[in-house]
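Novice: Below are the chains, spelled out letter by letter.
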Amino acid sequence: MAILRTGVFISLLASLFLLTLQVFRTLNFGRRRLHSEAHGNRWKGVAYAFGRGMMPWEKESAARHLPTYIAGILYHGGIFAAIFWALVLAATIHLPRAWLFFLQVALAAGFSAGVGLLAKRAIKPEMRHLSCPDDFIANSLADLFILSGLLASRIEAVIPVFLTVAIITFLSMPLGKIRHCFFFFYSRFLFGSYFGRRGVLPGTRPAKP
Amino acid sequence: MTMPPNSSDPLFERIRGLSEKDRQKIFKVFREKLDADAVAYLNSCVHCGLCADSCHYYLATGEPEAAPAAKLDLVNKIFKKRYTLLGRTLPQLVGARELSRETVGEWVDSLFGRCTLCGRCSLSCTMGINIFSLIRAARSALAAVGLVPPGLQSTVDTAIRTGNNMGISKENWLETVAWLEEELRNEVGDGRVRLPVDREGARILYAINPREAMFFPLSISAVGKIFHAAGEDWTFSSTNFDVTNYGLYNGDDEAAGIMSGRLLQAAKKLGCSELVLAECGHGFNSNRWQAPEWLGKKSGVKVRSILQVVAEYIRDGRLRLDSSRNMKIHTLHDPCNLVRLGGIIGEQRYILKHAVRNFIEMTPHGEKNYCCGGGGGQLAMTNFAKRRIEAGKIKADQIQKTGAAVVVTPCHNCIDQLMELNKHYKLGVEIKSVCEIVADALVIEPMKTNSALPAI
Chain C
0 MAILRTGVFI
10 SLLASLFLLT
20 LQVFRTLNFG
30 RRRLHSEAHG
40 NRWKGVAYAF
50 GRGMMPWEKE
60 SAARHLPTYI
70 AGILYHGGIF
80 AAIFWALVLA
90 ATIHLPRAWL
100 FFLQVALAAG
110 FSAGVGLLAK
120 RAIKPEMRHL
130 SCPDDFIANS
140 LADLFILSGL
150 LASRIEAVIP
160 VFLTVAIITF
170 LSMPLGKIRH
180 CFFFFYSRFL
190 FGSYFGRRGV
200 LPGTRPAKP
Chain Z
0 MTMPPNSSDP
10 LFERIRGLSE
20 KDRQKIFKVF
30 REKLDADAVA
40 YLNSCVHCGL
50 CADSCHYYLA
60 TGEPEAAPAA
70 KLDLVNKIFK
80 KRYTLLGRTL
90 PQLVGARELS
100 RETVGEWVDS
110 LFGRCTLCGR
120 CSLSCTMGIN
130 IFSLIRAARS
140 ALAAVGLVPP
150 GLQSTVDTAI
160 RTGNNMGISK
170 ENWLETVAWL
180 EEELRNEVGD
190 GRVRLPVDRE
200 GARILYAINP
210 REAMFFPLSI
220 SAVGKIFHAA
230 GEDWTFSSTN
240 FDVTNYGLYN
250 GDDEAAGIMS
260 GRLLQAAKKL
270 GCSELVLAEC
280 GHGFNSNRWQ
290 APEWLGKKSG
300 VKVRSILQVV
310 AEYIRDGRLR
320 LDSSRNMKIH
330 TLHDPCNLVR
340 LGGIIGEQRY
350 ILKHAVRNFI
360 EMTPHGEKNY
370 CCGGGGGQLA
380 MTNFAKRRIE
390 AGKIKADQIQ
400 KTGAAVVVTP
410 CHNCIDQLME
420 LNKHYKLGVE
430 IKSVCEIVAD
440 ALVIEPMKTN
450 SALPAI
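Residue numbers (numbering that gives the first Met the number 0), protein chains in the order written: chain C, 0 to 208; chain Z, 0 to 455.
Simulated from the structure, these hints should not be mistaken for lab results.
Please read all numbers here as calculations on a predicted model, not as lab measurements.
Some hints here could point you the wrong way.
As the list claims (entries may be wrong) - Here are the simulated DSS-like cross-link-like pairs (lysine-lysine), alpha carbons at most 30 Å apart as the crow flies:
| # | chain 1 | residue 1 | chain 2 | residue 2 |
| --- | --- | --- | --- | --- |
| 1 | Z | Lys297 | C | Lys43 |
| 2 | Z | Lys352 | C | Lys43 |
| 3 | Z | Lys425 | Z | Lys392 |
| 4 | C | Lys123 | Z | Lys425 |
| 5 | Z | Lys367 | C | Lys123 |
| 6 | C | Lys123 | Z | Lys76 |
| 7 | Z | Lys352 | C | Lys119 |
The task is simple: from the sequences and hints, build the whole structure.
Specialist: Below, the structure is given as structure tokens:
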């Protein structure tokens, strides 16, 4: 058990290190200095990208696919809850009963949402067309991570299984699609910066020159 | 690839004949176009598919290949194979693929034939991926080995060779201007109205879409009338008058830089402090936003859209408009390159508020508008014309829902596509540019004295 506990920290640190390395490798491709004169404010665009721009009343794809949007939020909430839970167990911290209850709710909701999203990917032809094995593996692994975390919160005997799955999940993060956990912030920043600089976002302005 | 393997299409003949050297060149240029931002984007796509129904191609056809994520994936597969650990070691696992004749064929078919580079998918993307810029990077790589659909490439070649994309000679251009000037004097009833050419020291150099000279001369007259009414100090160039830049669409940055550079140079040579661009979506994006990046330096002159200038005239009381002259129901189509990618959103609405009595917005509109289907060089690529008209159904439906009699759009590419949609989907609408609408509403006192204009 002590090995597993240590393994959780080491694998998470290794993962964070490799993800950071990937970001540096990405930066090595070089950034282009922009010469055109800005029309809007890039920082307002960035604020929009991480705030209002992700809301269903602002983002068409979220509004059109509200169940998927909500499932996505719950799923990621579940994953973060599972990471938190793995660290709590690895650090042998005792969680108050109320915290544990909320954790279980987040894990249960996250697991249901994850399975739903996996089913959507498997069933819908256009999603199958878009998917590669890594998409299914990453989704299944995250589902297993959340599920084992949920079970470990109820059955002590499952804790070693959960910690093992946590180690595997952490180690897989930099390799496949889960690396988007880092690149999400990078991409959204660029998105906000691009449209903010051009004066497109945030939102349609009132009709004036 | 939708083209049969034995197709006699020269483009696909070229793909079949691709050598290893060509393949390396495609990859080399593709790599050159990838900067850190592009790589971050490529690492971000999670195949969530939520972008699919933001694309007019997907909405109109339901083809999985038309989903923006699927188009991006064509590019990403090649990237993964070369630059990711799993892509190199276990390509099937992450869908990585080699750059082969087959993948190149798919690139040509989807990245040229199923995308207008309108950028709508980026607004819907969960990660905010700038999908159109990656697709354009792949187009650049294809352009490097001559794999641009012939219609689009010949537009670029003509512009490079002759100075404008329609190959209008200087003599023809000057004759057209002289004829339009005469017509405008008669219309306004003022012999001092001028459409100046090569007037050194003018404040503004005005650049048109050559299609206006060939097919829509009223657009040119309309702007001349507006400049006259506002007492503007302006000029055309006799040689560099083309606002368009199809280098934006074929991905050839060098050619694009030459075209935009000529316009900027013409403005500087004539001593103009401002380059004003006609109603042209991609012309605005190219000359306002992209040109400094293609040329690697600041523009050196102020570059604005005619919409910004006209809106300013109205605000400053330099134009008198009578909106009762435009009583029909008007709606507005937002050109993607001008609005979503250009940031000109409020100006056209401000102008129309003063120039028409009945205005109704499309749903959605502004930066969330649907592309008409004519962008991305589609109007020049005849081999994909059927798809273009099919994808335009989304815009046609939008127009129909407004119940408008007049569709106004500040882009001549959009006007061309909307005219085709009008005919194909039997919309029964008039299609006009913003300046034509303004010119119709313009109140000009005959023989008005205007000290800003020199007497002839």
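Novice: Each hint: holds or not?
Specialist: Hint check:
{"no.": "1", "hint": "Z:Lys297 / C:Lys43", "result": "holds, 23 Å"}
{"no.": "2", "hint": "Z:Lys352 / C:Lys43", "result": "holds, 27 Å"}
{"no.": "3", "hint": "Z:Lys425 / Z:Lys392", "result": "holds, 11 Å"}
{"no.": "4", "hint": "C:Lys123 / Z:Lys425", "result": "violated, 35 Å"}
{"no.": "5", "hint": "Z:Lys367 / C:Lys123", "result": "holds, 26 Å"}
{"no.": "6", "hint": "C:Lys123 / Z:Lys76", "result": "holds, 22 Å"}
{"no.": "7", "hint": "Z:Lys352 / C:Lys119", "result": "violated, 46 Å"}
The earlier numbered hints that this structure contradicts are 4 and 7.
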